[in-house]
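K.L.:
Just so you know, the protein sequences line up as chains A and B, in that order.
Just so you know, we're using my numbering here: the first sequence kicks off at 25 and counts up by one.
Just so you know, we're using my numbering here: the second sequence kicks off at 2 and counts up by one.
Possibly wrong hints are sitting among the right ones.
Said to hold, decoys possible - So, partial list: chain A residues that the calculated Cβ filter (under 8 Å) puts toward chain B:
#1 Ala-81
#2 Phe-102
#3 Leu-106
#4 Leu-107
#5 Ala-114
#6 Ser-189
#7 Ala-238
Bear in mind the hints are in silico, worked out from the structure with no lab data behind them.
Even for Gly, the Cβ is constructed at its ideal location relative to N, Cα and C.
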Amino acid sequence: MVAYSPNQTLPILSAGPLERVMAGASVDPPVLPLDAIMQRYARGEAAAFSELYRALAPRLHRFCLRLSRRRSEADDVFQDALLRLHRARASYVLGASALQWAFAITRSAYLDRLRRQRRRHESLFAAEDADRLLSSRKSHRETPESDARARDMLAIVDRALAFMSEKNRTAYVLLWEEGLSLQDAAAVLGTTCDVAKQRAHRALDQIRTALRGAGWDEGGA
Amino acid sequence: MTSERIEEILPRGFEDEPGPPEELYARVAAMIERAPAPGMPLRRRLSLVAAALPCAMMIPLVGHYVISGRSLFRLDMGSLPPRQFALELLLMAGLTIGATALSARPGRRGLGSTAWALALTAIAVSPVYAVVSLLWPLRSQDPEALAAAAHLHPWGLPCLAIAAVVGMLALGAFAWGLRHAAPVSAGLRGAALGAAAGAWAGFTLFVHCPASSLLHVVVSHVVPVAVFTLIGAIAVPQFVRL
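Construct the entire structure; sequences and hints are all you get.
P.N.:
So this is what it looks like as structure tokens:
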């Protein structure tokens with residue numbers, strides 16, 4: 025790793041997609057059949073569940089993983105979220121984004137779990153789980169060297185995420201990783217665009233500090 | 002490493018998460034098959050709640066009329082200063098309907114009002130009601146109305162009972178209508194719904210009770226509004242949380 029040079033800026037934190045979103049660049053929402061499937065399910069069509077699961081599960085499970093950082097924990101939150109979604113399907117407002125609604129439910133399930141764990145004074149951070157999670161990611165890098173660098177960076181970002189507040193972490197995950205627009209992320213977080221933006225900025229600041237601390241800069245790894 | 006390459010690493014790295022394990026689907030499907038789910042759409046439930054709220058207002062008033070023979074609406078209504086009465090009536094009705102709409106609306110996205118709007122509702126209803134009731138009291142100059150008001154309970158215990166019944170019915174209706182329907186800010190939603198229920202109780206007393214003495218208005222009109230906000234914040238979130 026190359027030592028951090030204070031005169032250089034980290035481009036990841038100055039011109040990333042999140043910044044572009046925050047600067048007001050338009051983000052076209054993908055046209056998904058998900059909302060149509062959710063509408064059918066909300067109307068009581070039980071058979072739509074398998075389609076809904078196929079459409080929703082990969083992103084929802086990834087969101088659970090990013091929030092809880094442990095696979096076993098993420099599986100539990102994921103199951104709980106889907107059960108809540110099923111229980112509340114009649115509350116789904118026709119025409120609303122099913123993905124945002126599902127993210128909000130998942131976050132609610134995660135927060136309940138977090139509260140229970142805090143009451144029991146359980147540890148929320150398990151480094152070995154997180155490392156296993158990182159190493160389980162499939163590699164798409166061109167060379168083993170770039171793959172190793174990516175893993176390094178991911179590990180640093182992952183640890184930084186673990187030590188920030190849930191609010192900042194969720195804002196970061198929704199905006200940066202899930203690619204939600206600022207308005208959509210704010211709605212999922214139940215807050216205003218300004219607050220969501222502020223939380224994501226705080227998260228990015230923490231990530232920037234962690235990367236600098238580990239010697240990352242644009243000059244190389 | 003160039004900036005473009007660093008930018009590429011993060012999103013790709015996180016997108017590469019393997020999806021949920023296969024066996025999870027079978028587990029979730031089995032759980033869902035066993036779990037009952039209410040079938041009535043949220044909008045229909047909320048329409049029923051909206052229809053039930055005026056009924057919740059009338060039930061204790063009719064009960065009070067049957068028990069004590071007191072009229073449903075304030076005795077001094079005909080002799081009140083018309084402009085002040087109309088303005089306060091509009092204010093109280095606006096406060097009640099506004100608090101109800103902000104706290105119970107599902108919103109375009111199905112996620113309800115923002116945390117700020119809910120917090121504002123929960124915080125503002127009691128003080129606004131107190132200011133209007135205490136700083137701008139409606140007083141009739143009609144001797145007959147004044148004599149009738151003089152016979153009211155000094156602490157307003159019957160009014161307290163009416164407020165309790167209206168508030169509980171309204172809060173119950175809100176909790177039923179929004180059961181498992183608040184994925185976001187359930188705590189604040191509970192407090193805002195409590196404030197709205199309190200506003201319904203306060204509005205009922207505004208149209209029913211001619212009292213203007215400080216002790217009566219504070220104990221039986223203003224305090225219940227604040228108490229229902231508190232009850233809403235404590236008891237409602239577990240019903241509405243998703």
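K.L.:
With reference to the structure, classify each hint as holding or not holding.
P.N.:
Each hint, compared with the structure:
1. Restraint check, Ala-81 (chain A) versus chain B: the minimum CB separation of about 5 Å is within 8 Å; hint holds.
2. A hinted interface residue such as Phe-102 (chain A) counts as satisfied when its beta carbon comes closer than 8 Å to some beta carbon of chain B; here the least separation is about 6 Å, so the hint holds.
3. Of the supplied interface hints, the one on Leu-106 (chain A) holds, with its beta-carbon coming within about 5 Å of a beta-carbon of chain B, less than 8 Å.
4. About 6 Å separates the beta-carbon of Leu-107 (chain A) from the nearest beta-carbon of chain B, less than 8 Å, and the hint is met.
5. Because the smallest distance between the Cβ of Ala-114 (chain A) and any Cβ of chain B comes to about 5 Å, under 8 Å, the interface hint for this residue holds.
6. Against a cut-off of 8 Å between C-beta atoms, the interface hint on Ser-189 (chain A) is violated, since the closest Cβ of chain B lies about 15 Å away.
7. For the restraint placing Ala-238 (chain A) at the interface with chain B, the shortest Cβ-Cβ distance is roughly 13 Å, beyond the 8 Å limit, so the hint is violated.
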